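Put the two chains together into one complex, using the hints given.
Each chain, letter by letter, is given below.
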Amino acid sequence: MTHDHVDASPPLTDLQLRVRALESLLVDKGLVDPAALDALIDTYETKVGPRNGARVVAKAWVDPAYKQRLLENASSAIAELGYIGRQGEDMVVLENTPKVHNMVVCTLCSCYPWPVLGLPPVWYKAAPYRSRAVIDPRGVLEEFGVAVSADVEVRVWDSTAELRYIVLPERPAGTEGMSEDELASLVTRDAMIGVGKIKAPGRKASR
Amino acid sequence: MNGVHDMGGMHGLGPVEPEPNEPVFHHDWERKAFALTMAAGFLGKWNIDMGRYARELMPGPEYLTTSYYEHWLYGLEQLLVEKGLVTTEEMRTLRPTAPAPGDLRVLRPDDVPRRLRAVRAARMDDDVPAKFKAGDEVVARNINPTGHTRLPRYARGKRGVVDRDHGVFIYPDAHAAGLGKQPQHCYSVRFTARELWGADALTRDAIYIDCFEPYLTPA
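In order, the protein sequence lines correspond to chains A and B. Take 0 as the starting number for the first sequence in numbering that gives the first Met the number 0 and just add one per residue. Take 0 as the starting number for the second sequence in numbering that gives the first Met the number 0 and just add one per residue.
It cannot be assumed that every hint is accurate.
[Said to hold, decoys possible] Which residues of chain A face chain B? A few of them, derived with a C-beta cut under 10 Å, are:
1. Leu25
2. Leu30
3. Val31
4. Tyr65
5. Leu80
6. Ile134
7. Phe143
8. Asp150
9. Val151
10. Val153
11. Ala199
12. Gly201
[Stated by the list, open to error] For each label pair, taking beta carbons as the anchor points, the in silico distance ranges come out as:
13. Ser178/A to Asp199/B: 42 to 48 Å
14. Gln67/A to Val118/B: 20 to 26 Å
15. Thr45/A to Gly197/B: 44 to 50 Å
[Stated by the list, open to error] Below, computed lysine to aspartate or glutamate pairings styled on EDC-like, alpha-carbon distance capped at 20 Å:
16. Lys82/B to Asp37/A
17. Lys46/A to Asp109/B
18. Lys124/A to Glu18/B
Just so you know, these hints were derived from the structure itself, not from any lab. None of the values given here were measured: they were computed from a predicted structure. Cβ atoms here follow ideal geometry from the backbone N, Cα and C, with glycine treated the same way.
Isolated chain B, as found in the complex (with noise of 0.2 Å):
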């Protein structure tokens, strides 16, 4: 979708703001809200192009004056009632009034160092054709899809090369949508700073972008 978080390119958003020795997290309900989105993200009733795409979803205008992880209570709270985890008056009123679904494996702190250090995510082992290859001259298409897309929209109807073919992985647009794994090639594709934000750019600089090949047409 073409919401606030795709961002690559704008102005006027603002300095960057290192800070010094900056802790893990500010607050503690900054703890509290990645842990929950954590674990409950385990309970498997949602993959990770879910909840990307449920932070998506927050209103424009807040998520430019949210923090990050208020970003990501907002997609806990969608998807909790979404997916059925909790009732719409439980999450109004924050108080439990019905059980939970029977089947979940919840996490325990036992299993959580076992959890993150899985090592297959999103890469398949899947026997896809590749359609191209490095120095293979692309377009990004030109796509402004309502859903959840991976690609930018700083990149859609750019000319690029691709550099090197990672392999095959889930692809997040159909993942998010709840249409399954749908593996596809996923390339990175070099494309000039001069092709991107015009002729003020310099000659040598490039932008590397990660492109599903859906994305991609020949040059």
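Chain A extracted, bound-state conformation (with noise of 0.2 Å):
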């Protein structure tokens, strides 16, 4: 199976028309209004996005008193840089050491810390990573392209109630002149999902 998976759906017309329509209903009877839901998706297609959380994950590199506050009150710390709101209330970061790799599944739906990443990814949304990242978490992060030794302790995160979860990865070595900026531009989605390793610039970066 490659991009034929039921989650990356391929132009369906009738569910087109189908939304069209529902679209039309909502509209005609004054449920909703068009220009709010532009509103919507433009925040969440423009505004929001996984370079939010990359601000806060170059932030707690350079800034150790932002990286205390930050494992000690995420939402609050978050919310220092802007980042607030939907799906992303009751924020938690967890830091991947040397000794621990933590990563985040929504194993019952898709919970995911909006304000910091934005919208979840398909995969991240689809049966096979929420049925399989908690009992096989090595597998899957082998797929991904990390490999965790075995005397490293993986934790899997399933985001069950209203906590929000983001990884706090590990700085690269190689980095140690580069700016916060630079280092935000380093960091990837996957790393703060807890499915990506950071790569210090000139290599090749995972996802």
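As structure tokens, this is what we get:
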């Protein structure tokens, strides 16, 4: 299976027609304002995304006091950078170390920290990841190109309530002279979910 | 409910398939399914737990063969009818015949930034005594409710240790059923991979599950 997988849906005319008709019905009934729909879409398509989370991570790497605040009260530390709101009201930051690798899943639906990572990718919402992340995390990590040695503890966080998790990845070696902006550009969405490692510049980066 | 949505620990659902440079939405109908669900949700006729439960009620075979935003669409259509915003006939024909209820605060574009940036959702200020504290050994109850629950099947009956008390939150099992917020402590509970999956699992690995107090008993 490649991208004919059910969650990477091909264009479905029936579905397009149905959604268009449902939208007309709700607009005609005065239940939704089409301009508000556009504003919602624009927010998550252009304004909110993993660059926000990358800024949080980069700041934690360069500012030990910020990192401390982030680990103690993630919601308020993330709010310092202006990233607040829906699906990120109660944040927890999980620090990766040489001894602990954290990864995040929502087995029951697809809970995800929207203000810092945006809307989740298809694979995060789809059955294969949701089913296997908790029973075979190392197998899943390998498929993402992340090898975790047997002496490192893997912790999987199942987002079953309203807490939202983001991983603070390890700062790669060789980045000592880099600015906060340069560091932010290295941080990937997958590393903040816990399924990617961040590579120093000049090496092949994981997704 | 013991639905197919509760898939933690299942085998045979295929490989994880990351898509390089994935767009936020793949089709225009996904944009609309997302925005319609959000905008209709802001009408305040249902809460997030009712929203999740409505998606869980999608028949299992259909849930497994449809995409994420199709689950959203299914839940939205059910709730619009169930909460009286759209009649059964309107949902069938997708043509308006009845006026909408008059007391609605429809989401306007100017409201969008403020409504999305709300900082209080599920956390409650209620002074509820905590039955457990970090370090306590607990057992997840063996419950099998037909309604909504956030205790995944793979944890039921298993022993764990409270990692931290997150504080007091709306209890989704009650909230989804329209029984009010019934604030409860929510704990992060550490279950070893061995406890959940048996002797073949690595000893040092663990799964942390956020558990509402009613899900837990002292070990």
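Here is how each hint holds up against the structure:
Proximity of Leu25/A to chain B holds as hinted, the smallest CB-CB distance being about 6 Å (cut-off 10 Å). A least Cβ separation of about 5 Å between Leu30/A and chain B falls short of the 10 Å threshold, and the interface hint therefore holds. The interface hint given for Val31/A is met, as the beta carbon of that residue sits about 4 Å from the closest beta carbon of chain B, less than 10 Å. Against a cut-off of 10 Å between C-beta atoms, the interface hint on Tyr65/A is violated, since the closest Cβ of chain B lies about 19 Å away.
For Leu80/A, the suggested interface contact is broken, since its CB lies about 13 Å from the closest CB of chain B, more than 10 Å. Interface hint at Ile134/A: satisfied, since its Cβ lies 4 Å from the closest Cβ of chain B, which is below the 10 Å cut-off. With 10 Å as the threshold, the beta carbon of Phe143/A comes within range of chain B, its nearest partner Cβ sitting at about 7 Å, so the hint holds. About 8 Å separates the beta-carbon of Asp150/A from the nearest beta-carbon of chain B, less than 10 Å, and the hint is met.
For Val151/A, the interface hint holds, the least distance from its beta-carbon to any beta-carbon of chain B being 8 Å, beneath 10 Å. The beta carbon of Val153/A is positioned within 10 Å of a beta carbon in chain B (closest approach about 4 Å), and the interface hint is therefore held. With 10 Å as the threshold, the beta carbon of Ala199/A stays out of range of chain B, its nearest partner Cβ sitting at about 21 Å, so the hint is violated. Look at Gly201/A: its Cβ only gets to about 20 Å from chain B, farther than 10 Å, so that hint breaks.
Distance hint for Ser178/A and Asp199/B: a CB-CB separation of about 46 Å, consistent with the stated range 42 to 48 Å. At roughly 22 Å, the beta carbons of Gln67/A and Val118/B sit within the given window of 20 to 26 Å. A C-beta distance of roughly 47 Å is found between Thr45/A and Gly197/B, which places it inside the suggested range of 44 to 50 Å. For the hint linking Lys82/B to Asp37/A, the alpha-carbon distance of about 25 Å lies beyond 20 Å, and the restraint is violated.
Taking the CA atoms of Lys46/A and Asp109/B, the gap is near 16 Å; set against the 20 Å cutoff, the hint holds. A threshold of 20 Å between alpha carbons decides the hint, and for Lys124/A with Glu18/B the separation of about 13 Å falls inside it, so the pair holds.
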